[in-house]
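All residue numbers for the sequence shown refer to the numbering used here, where the first residue is 97 and numbers rise by one.
The set of hints was computed from the structure by calculation and includes no laboratory data. Take the hints with a grain of salt, since some may be wrong.
What the hints assert, rightly or not - In silico EDC-like links for lysine to aspartate or glutamate, alpha-carbon gap of 20 angstroms or less:
no. : residue 1 : residue 2
1   : K172      : D199
2   : K208      : D309
3   : K208      : D310
4   : K208      : D371
5   : K443      : D371
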Amino acid sequence: MDPQAPSAATVSRCPMHDAAFAADPQQVYDRLRAHAPAGPVELAPGTDATLVVGHETALRVLQNTELFARDARRWKALNEGRIGMDNPVLPMMAYRPNCLFTDGAVHLRLRKAVVDSLARLNITRIRRDVEPIADYLLDQFSERGRADLLNDYAKLLPLLLFNKLFGCPADIGDTLTTAMSAIFDGKDALRANEDLTACLMELIALKRRSPGDDVTSWLIQHPAGLTDEELKDQLALLMGAGIEPERNLIGNAMVLLLSGTDGRQSGMLIEEALDHVLWNQTPIANYAAHYPVQDVDLGGHVAEANTPVVISFAGANSDPALAEARRTHSKGAHLAWGAGPHACPAKDPAQVIAITAIERLLNALPDLTLAVPEKDLQWRPGPFHRALVALPVTFSPTPATRMAAALQNRAAAPGAQQPLPSSAPVRQEPVRKKGFWSSFLDIFRV
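Start from the sequences and build out the full structure, keeping to the hints where you can.
Here is the structure:
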């Protein structure tokens, strides 16, 4: 070892909440890795953690459930009152009784219910559900000749898709969409969390009375016998784990596909762009907080018992030890989907959603181009995600006719449901401002 080099213990704590980290997170990963495969960071002002940036060390933490627990009720600083209830990272890190924050038999029971329910979604169904939502969103901006692909498309598509997969009626879906958007954007998170809880409990009560062909009903019917509270927390987990990463996967891939150096000009396929993003712009870059049950040496940096040990999926992916795997984009080596017993159970559906969404977009707007130089795109501050603030694009304006074509095709399909005759009684609903989901349902009853 270079005698002039500082030890891991003397590395200053790296902030992960400022504009410098958002602009270039790799410099933090490299700085930590120069001393040890893990090091001290600050997730938010006054919120300390250990960040694991070495691939081998990350696997060690992710796979060792006896030494590294996921239950955030162990968090010493939170228990001692040193982490305030208004802390910005608390919504992502505080304990919830779902399969992300539990261990042992409880985790196995909850995860089996989730995995078995997700397994009932097939690729054909996912594509069938994504396509009309994509067409609906495209029709909202295609005549303008310009759009923010992140907020007009990549953000809204997974929100609306989960309403469909959960079997949400119009009013519940509108609330769900609004609440989840507010939580991700950090706008009145407490009120948004209350609204989310209320609408999920309403959805669960509805599906207990009238089950359907949807994830909510499948979770309710699962032999694990989940309580309403457990159902609510698994649904919230699925929304959170599906929407933010999916938005970033679509958005980050579109940047690559629209760039002059690596994208469509070089003939890159959508699947190749997604692999590149999972390696190099990992949508959820740092997460999976673990709490060591005892002090543990992580290659020269000691993580104290019951303090957060956060996995840098992005940092592990950029580990020099993986240089060859990264060069060839080996799908089995990156950690974008996690590893071990808490690995993402929905990686295949997530990729199908992204591929379908991007295909629909590029086919509809073939001359899509970035409205600003790639270097001028801004990244959203925050310790957990790799997320754009916006993705402005321009294109030749096209008529908003995609939904009409989809409806025509649906009506012509064998066995298609016919609309009610005009004489059918219509139930009067109270007048209210429609959200994206209820507006979508008005056009395309799915």
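Each hint, compared with the structure:
Distance check on the hinted pair: K172 and D199 sit about 18 angstroms apart at the alpha-carbon level, within 20 angstroms; holds. Annotation: proposed proximity of K208 to D309 holds, straight-line Cα distance about 19 angstroms (limit 20 angstroms). For the suggested pair K208 and D310, the alpha carbons sit about 17 angstroms apart, so the restraint of at most 20 angstroms is met. Between K208 and D371 the CA atoms are separated by roughly 28 angstroms; this puts the pair beyond 20 angstroms, and the hint is violated.
Of the pairs offered as hints, the one joining K443 and D371 holds, with about 12 angstroms between alpha carbons and a cut-off of 20 angstroms not exceeded.
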